[in-house]
Amino acid sequence: MTLELLDQQLIANIQDGLELTSKPFASIAAQLGISEQKVIKRMEQLKDNGTIKRLGVVVRHRELGFKANAMVVWDIPDDSVAQIAQRIASFDCVTLCYQRPRRLPYWSYNLFSMIHGKDRDSVLERLANLVELLELQDIEHTPLFSTKCFKQRGARYIDPDKIISGSISPLPLLSDKQKVSSPSAQEFILPIVKNHAYG
Amino acid sequence: MLTELEKQLLNDYQQGMPLVSEPYSEIARELNQKGFSVSENDIINSLSSLKERGMVSRVGPVFKPQKVGGSTLAAIAVPDERMEEVAQIVNHFSQVNHNYKREHHLNLWFVVTAGSQEEVEQVLKDIEQQTGLSVMNLPMEQDYHIDLGFPLWC
Numbered sequence: 540m541t542l543e544l545l546d547q548q549l550i551a552n553i554q555d556g557l558e559l560t561s562k563p564f565a566s567i568a569a570q571l572g573i574s575e576q577k578v579i580k581r582m583e584q585l586k587d588n589g590t591i592k593r594l595g596v597v598v599r600h601r602e603l604g605f606k607a608n609a610m611v612v613w614d615i616p617d618d619s620v621a622q623i624a625q626r627i628a629s630f631d632c633v634t635l636c637y638q639r640p641r642r643l644p645y646w647s648y649n650l651f652s653m654i655h656g657k658d659r660d661s662v663l664e665r666l667a668n669l670v671e672l673l674e675l676q677d678i679e680h681t682p683l684f685s686t687k688c689f690k691q692r693g694a695r696y697i698d699p700d701k702i703i704s705g706s707i708s709p710l711p712l713l714s715d716k717q718k719v720s721s722p723s724a725q726e727f728i729l730p731i732v733k734n735h736a737y738g
Numbered sequence: 100m101l102t103e104l105e106k107q108l109l110n111d112y113q114q115g116m117p118l119v120s121e122p123y124s125e126i127a128r129e130l131n132q133k134g135f136s137v138s139e140n141d142i143i144n145s146l147s148s149l150k151e152r153g154m155v156s157r158v159g160p161v162f163k164p165q166k167v168g169g170s171t172l173a174a175i176a177v178p179d180e181r182m183e184e185v186a187q188i189v190n191h192f193s194q195v196n197h198n199y200k201r202e203h204h205l206n207l208w209f210v211v212t213a214g215s216q217e218e219v220e221q222v223l224k225d226i227e228q229q230t231g232l233s234v235m236n237l238p239m240e241q242d243y244h245i246d247l248g249f250p251l252w253c
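The listed protein sequences derive, respectively, from chains A and B.
Going by the working numbering, the final residue of the first sequence carries number 738, and the count climbs one at a time with no gaps.
Going by the working numbering, the final residue of the second sequence carries number 253, and the count climbs one at a time with no gaps.
Only chain A is shown next, with the shape it has when bound in the complex:
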C-alpha cells in the first residue's frame, strides 16, 4: 500500500467526523488494517504539514444563535490587497478571508471575508467598526447577507468507493510545488477563527 493511498483512506474515514466512542483512532485503524499508533502519527503529520487546518468540534453558527452572516466583498487595488487582507483577517469576528479573481465587467471584487453575528445589525456594526479602525472608507465594499441556507455540511473530498476502484489519483499531500502553484479554492464557510476574547 502506498502512502498516498493510505492518506486517501484515512481522509475518507475522518472527513465526516470521528466516532464519539472511547477509542476513535483504534476504530479507524481497524478499518484500515493498520495500527492505532500509525493512525495517530499520520494525523499528527497531516496537521503539521497544514493539510488538517484544525481538529476538534465543528460548530453550526446558526444553531448557536449566530443567525446572521454576511459575505463582505471588497475591491482592493492589487498592490495592497495582501496587506489589507491580513488586517481584515485579524479581526475576531471575521471567520474567512480569501482573495479570489475578479470577473470583469460582471464582478469587480477581489477579496471575500465572512462576518457572523447574532443579527443583521450586529454584523453591520462589526463591519462599520472594522472599516473605521482600518480606515477602509475609500475601498469599495458591500455585504451580501445570506437570506436562506439551502445546504450546509462538511466538505467531502474523497468518495470511499472511488478509492477501492482506484479511480482517484495519488494525493500530492506533501508537495511544496502544490502549495505554491495550486490555483484551486479554499474551504469557504466552515466555522473559523481567532482565539477567544472572553468578555
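These are computed hints drawn from the structure, not numbers from a lab.
Among the hints, a few may not be true.
What the hints assert, rightly or not - Listed below are the simulated DMTMM-like cross-link pairs for lysine to aspartate or glutamate, each with C-alpha atoms no more than 25 Å apart in a straight line:
no., chain 1, residue 1, chain 2, residue 2
1, A, K577, A, E558
2, A, K606, B, E125
3, A, K687, B, E125
4, A, K586, B, E125
5, B, K200, B, D141
Please build the complex by placing chain B on the supplied structure of chain A, with the hints as guidance.
Okay, now just chain B, sitting in the frame of chain A:
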C-alpha cells in the same frame, strides 16, 4: 440552554483535540484540571447531545482543500421565480457542500468540493447545462485567514 461543560467544549475544543488513544478521556482530564468534575462518558454524552441538537456538525478535522482535492466558490444570478428550482438542482450535486441565497444580483452562492479540480469544473459545467444559467467560478487565490475556530462568547 447550554451547560457550562457544553460551553467549554464548544468554545475551547474547536481546535487542539488531543491526538491520543482516548481523546475524550484526555479532554475530561484537562477540564478537571480547570475545576470541572467530569468523566470520559460525560464528554462523549455531551458531544453526542450537541450533535443531536444540531449545534455541532461533527467532531473531526477541517482540511485545507487545495491540499486534498479541488474546490471553488461559485455564483449564479437566478431569476426570483426560479430560485427554489435552481437551488434544488445545485443541492442535488453531492460535491456541493454549502449553498446560500444572498442579497445581490448574483443571488445564489455555493461551494463545490471534490477530489480534483477537474471534477469541480465538471460539476460547474453540469450545473450550467441543467439550469441553463451561467455559473461564475471564483476559485480561491490566497487564504489570509488562520483557522483557530470561531469565538462563541466574545
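Hint check results:
1. K577/A to E558/A: holds (17 Å)
2. K606/A to E125/B: violated (33 Å)
3. K687/A to E125/B: Violated, at about 39 Å.
4. K586/A to E125/B: holds (19 Å)
5. K200/B to D141/B: Violated: K200/B and D141/B sit about 38 Å apart, past 25 Å.
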